[in-house]
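A.B. asks: Here the numbering used here is used: the first residue of the sequence shown is 442, the next is one more, and so on.
Calculated from the structure, these hints are not laboratory results.
Warning: the hint list may mix true and false statements.
[Claimed, not checked] Straight-line Cα separation of at most 20 Å, SDA-like style, residue types lysine to any residue; simulated pairs:
hint, residue 1, residue 2
1, 522, 499
2, 522, 480
3, 522, 486
4, 522, 446
5, 522, 505
6, 522, 445
7, 522, 467
8, 522, 507
9, 522, 489
All values reported here derive from a predicted model rather than from experimental measurement.
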Amino acid sequence: MNDPVVTAVKSNVLDAFLPGADPSELADDTPLISTGILDSLATVRLVTFPEDQYRIAVAAHEASADHLDTLTQIADLVRSKLQP
Numbered sequence: 442m443n444d445p446v447v448t449a450v451k452s453n454v455l456d457a458f459l460p461g462a463d464p465s466e467l468a469d470d471t472p473l474i475s476t477g478i479l480d481s482l483a484t485v486r487l488v489t490f491p492e493d494q495y496r497i498a499v500a501a502h503e504a505s506a507d508h509l510d511t512l513t514q515i516a517d518l519v520r521s522k523l524q525p
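Work out the full structure, taking the sequences as your base and the hints as a guide.
C.D. replies: Structure representation (structure tokens):
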């Protein structure tokens, strides 16, 4: 079953940072920041997607590879912010 948050984040990453890339090459656990796929500027841009899409606030300490390195980590962060 596809996770809708992971699917939305993956679509954004592919469109914004990896145009033309084969979607099947970007797995949910592919490291994005620690491998250099996304640099620091791209990471800042990446943070704006869940903030805008899900109306959440990502704290400065969360805008790091510890929380945003994979699609799964990003989705987990989003879900944690959406929980009451």
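A.B. asks: Enumerate the violated hints, using their earlier numbering and listing them in ascending order.
C.D. replies: 2, 7
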